[in-house]
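*Asks:* Residues per chain are reported as follows:
Protein chains: 2
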Amino acid sequence: MNKIKIGIVGYGNLGQGVEVGLKNHPDMELVGIFSRRDPKTLDTQSPAYLVQDILDFKDKIDVLILCGGSKTDIPKQGPALIEHFNTVDAYDTHAEIPEYFNKMNPIAEKNQKVAVIATGWDPGLFSMNRLMQEAILPNGQSYTFWGRGVSQGHSDAVRRIKGVKEAAQYTVPDEMMINKILAGETVDYNQKDAHTREVYVVLEEDANPTKVEKEIKEMPNYFVGYQTGVSFISEEEFKAEHQSMPHGGRVIRQGKTSKDALSIIDFSLSLESNPEFTAAVNIAYARAAYKLSQEEKYGARTVLDIAPHYLSSKSREDLMRDLL
Amino acid sequence: MNKIKIGIVGYGNLGQGVEVGLKNHPDMELVGIFSRRDPKTLDTQSPAYLVQDILDFKDKIDVLILCGGSKTDIPKQGPALIEHFNTVDAYDTHAEIPEYFNKMNPIAEKNQKVAVIATGWDPGLFSMNRLMQEAILPNGQSYTFWGRGVSQGHSDAVRRIKGVKEAAQYTVPDEMMINKILAGETVDYNQKDAHTREVYVVLEEDANPTKVEKEIKEMPNYFVGYQTGVSFISEEEFKAEHQSMPHGGRVIRQGKTSKDALSIIDFSLSLESNPEFTAAVNIAYARAAYKLSQEEKYGARTVLDIAPHYLSSKSREDLMRDLL
Ligand SMILES: NC(=O)c1ccc[n+]([C@@H]2O[C@H](COP(=O)([O-])OP(=O)(O)OC[C@H]3O[C@@H](n4cnc5c(N)ncnc54)[C@H](OP(=O)(O)O)[C@@H]3O)[C@@H](O)[C@H]2O)c1
Ligand SMILES: NC(=O)c1ccc[n+]([C@@H]2O[C@H](COP(=O)([O-])OP(=O)(O)OC[C@H]3O[C@@H](n4cnc5c(N)ncnc54)[C@H](OP(=O)(O)O)[C@@H]3O)[C@@H](O)[C@H]2O)c1
Chain A
89 MNKIKIGIVG
99 YGNLGQGVEV
109 GLKNHPDMEL
119 VGIFSRRDPK
129 TLDTQSPAYL
139 VQDILDFKDK
149 IDVLILCGGS
159 KTDIPKQGPA
169 LIEHFNTVDA
179 YDTHAEIPEY
189 FNKMNPIAEK
199 NQKVAVIATG
209 WDPGLFSMNR
219 LMQEAILPNG
229 QSYTFWGRGV
239 SQGHSDAVRR
249 IKGVKEAAQY
259 TVPDEMMINK
269 ILAGETVDYN
279 QKDAHTREVY
289 VVLEEDANPT
299 KVEKEIKEMP
309 NYFVGYQTGV
319 SFISEEEFKA
329 EHQSMPHGGR
339 VIRQGKTSKD
349 ALSIIDFSLS
359 LESNPEFTAA
369 VNIAYARAAY
379 KLSQEEKYGA
389 RTVLDIAPHY
399 LSSKSREDLM
409 RDLL
Chain B
89 MNKIKIGIVG
99 YGNLGQGVEV
109 GLKNHPDMEL
119 VGIFSRRDPK
129 TLDTQSPAYL
139 VQDILDFKDK
149 IDVLILCGGS
159 KTDIPKQGPA
169 LIEHFNTVDA
179 YDTHAEIPEY
189 FNKMNPIAEK
199 NQKVAVIATG
209 WDPGLFSMNR
219 LMQEAILPNG
229 QSYTFWGRGV
239 SQGHSDAVRR
249 IKGVKEAAQY
259 TVPDEMMINK
269 ILAGETVDYN
279 QKDAHTREVY
289 VVLEEDANPT
299 KVEKEIKEMP
309 NYFVGYQTGV
319 SFISEEEFKA
329 EHQSMPHGGR
339 VIRQGKTSKD
349 ALSIIDFSLS
359 LESNPEFTAA
369 VNIAYARAAY
379 KLSQEEKYGA
389 RTVLDIAPHY
399 LSSKSREDLM
409 RDLL
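Just so you know, the protein sequences line up as chains A and B, in that order.
Read in my numbering, the first sequence has 169 at position 81, and its numbers run on one by one without any break.
Read in my numbering, the second sequence has 258 at position 170, and its numbers run on one by one without any break.
It should be emphasised that the hints constitute simulated quantities derived from the structure, not laboratory data.
Treat the hints loosely; a few may be bogus.
Any copy will do: because identical chains look the same in the list, a pair fits if it lies in one copy or spans two.
[Unchecked claim] Below, computed lysine-lysine pairings styled on PhoX-like, alpha-carbon distance capped at 25 Å:
1) Lys164 <-> Lys250
2) Lys402 <-> Lys164
3) Lys385 <-> Lys111
4) Lys302 <-> Lys93
5) Lys93 <-> Lys347
6) Lys302 <-> Lys280
7) Lys327 <-> Lys344
8) Lys191 <-> Lys402
9) Lys148 <-> Lys344
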């Protein structure tokens with residue numbers, strides 16, 4: 089069998105997740121990791137190259153998985169690379185996705201490439217479930233919960249406060265509210281009341297804990313309006329307990345099929361490694377990108393535009409027989 | 089807006105579920121119910137006709153939802169009706185689905201129709217989730233649990249025993265096992281040990297409870313190998329407590345993304361009315377069938393072959409903006 093040849097662009101958490109995740113897929117192989125940093129400095133056994141040399145691999149790679157940051161990397165790397173390669177990314181700046189799609193789609197079409205954008209779990213699997221839940225139960229109410237898990241963005245924001253040496257921020261969903269929703273009760277949901285924030289902080293030696301805690305709790309956009317708990321811990325405890333990146337969450341819909349009958353659909357994720365799971369979703373959609381390009385179905389697509397069978401290495405016939 | 093014109097074929101539980109469910113969808117309208125029974129005998133306010141007159145509606149219906157039984161109705165009605173109409177069905181004889189697909193597909197293609205087969209929740213949403221879970225977490229283990237809910241087939245089988253006046257059989261999943269799986273523990277799963285069966289029986293006046301109970305518990309295929317509890321109740325209690333058709337279940341996958349990191353994906357349903365929810369899924373896929381036929385994408389399809397956006401009444405642009 090011809091294996092699907094994969095390239096990884098950007099070697100952060102997600103890039104490393106793709107590297108390790110590809111080992112689970114015998115129909116795929118990793119051709120190389122492409123970084124803006126000197127490849128020799130990357131801690132990897134896989135072939136690594138400078139991203140500016142990537143065009144040498146134009147005919148050696150079927151799909152590039154773009155693992156850069158959503159803030160500045162993907163909006164630049166996506167449009168540049170889709171000209172030459174099929175791509176998959178986990179772009180997660182929700183508000184900018186339509187604009188990004190409109191940038192990627194014409195370039196992909198013109199160059200006969202496939203771009204699968206904004207995969208992962210949110211956006212990604214959660215989006216897909218939100219759509220299906222709403223289409224099946226239009227007369228109802230949707231709820232999204234995130235966590236318990238580390239929010240990289242919030243942890244970074246706390247780390248930027250003067251006096252903070254290390255920080256991890258956990259988003260914690262209201263389990264009582266979740267249980268009520270799953271039991272069919274009516275609840276008054278809004279995102280802020282449905283989540284609390286737990287922050288674990290290692291202070292610099294001379295820092296003032298009272299001041300740091302106040303600064304965290306009053307940080308606009310990130311913490312204002314949320315019930316936030318701040319704990320100061322030692323560097324040892326931080327290293328032992330707060331280095332991993334668990335996450336998860338759920339998308340629930342309560343909907344009436346008739347006046348008397350309630351249905352509840354619940355899609356939930358519990359992830360010991362957020363980047364590895366996001367990578368796992370990217371890998372499955374890389375297979376979809378490959379198959380779509382084989383069928384000459386070029387252009388940009390989101391998870392909402394891709395039939396499930398494209399994610400699988402099995403044939404439609406085998407799937408119908410084994411899974412339906 | 090032009091509404092999508094729907095016909096219902098067969099007026100049992102599922103047919104009634106589609107009738108009531110269509111009221112939730114302002115972009116659809118019910119043209120008529122088609123039954124093998126005299127329409128005047130059906131308890132409905134909707135227009136009802138004899139199914140043999142259905143060809144008069146060839147140009148007045150966009151999609152027929154086939155609500156007949158899977159055992160004998162669908163295998164006959166499907167191939168006959170796909171020649172003239174787009175169809176959706178909830179055919180659930182798992183082992184026969186490939187054969188049914190192969191019967192429907194060429195007729196649909198030849199007559200430029202779309203057949204969406206085997207929708208509902210199992211087959212249907214559960215199948216789709218099994219596929220996605222396995223494609224994303226290939227290194228793992230899948231689990232399906234059904235219930236707590238009424239199994240129509242098992243209830244019917246008990247009702248056929250001499251001395252039984254009324255019966256309801258509940259399939260009950262092992263909640264302890266589910267909790268262990270969701271907690272990431274390794275369990276020894278097989279379908280029989282993961283479920284018990286609860287049977288509520290109203291006896292005929294002269295019946296022998298010991299004999300009936302023995303006959304239930306020793307019924308091959310249905311009860312042998314399952315832990316089964318039998319309760320004898322009064323007709324009043326039966327009418328008060330066991331007339332509705334709740335069901336549900338879940339499809340779970342535990343999978344390793346790397347040596348150390350476990351991910352758990354859980355898709356679960358809790359349904360006060362199994363037929364109404366199945367109908368709700370059928371209705372969303374009827375919209376998909378309509379859109380696919382508008383795009384001239386003819387032939388037979390399962391839920392595995394249909395991109396999520398087809399289920400929604402919103403445009404791809406709106407979905408990208410609002411749900412992704
Ligand atoms: N859709 C979803 O569900 C979902 C879930 C999680 C994350 N995401 C998205 O995935 C994106 C990537 O996440 P991530 O955790 O992989 O980000 P990250 O670790 O910060 O990596 C981003 C980029 O920064 C560079 N980099 C990484 N480590 C570095 C270091 N030590 N020194 C200098 N540069 C370094 C890498 O590019 P070079 O190798 O080129 O230097 C890498 O591609 C996030 O922006 C987020 O938007 C999406
Ligand atoms: N995929 C899934 O998840 C899923 C879930 C649930 C059910 N299903 C499938 O859906 C199928 C239909 O289920 P259902 O509960 O609607 O079956 P049902 O109530 O037994 O109806 C089946 C057919 O029997 C006829 N019928 C109904 N009531 C009757 C009556 N009182 N007297 C004479 N005939 C009557 C109707 O046809 P006429 O109007 O032409 O007489 C009807 O279409 C099942 O076979 C099952 O396979 C699938």
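*Asks:* Could you tell me which of the numbered hints above are not met by this structure, giving the numbers in increasing order?
*Replies:* Violated hints (numbers, rising): 1, 2, 3, 4, 9; every other hint is consistent with the structure.
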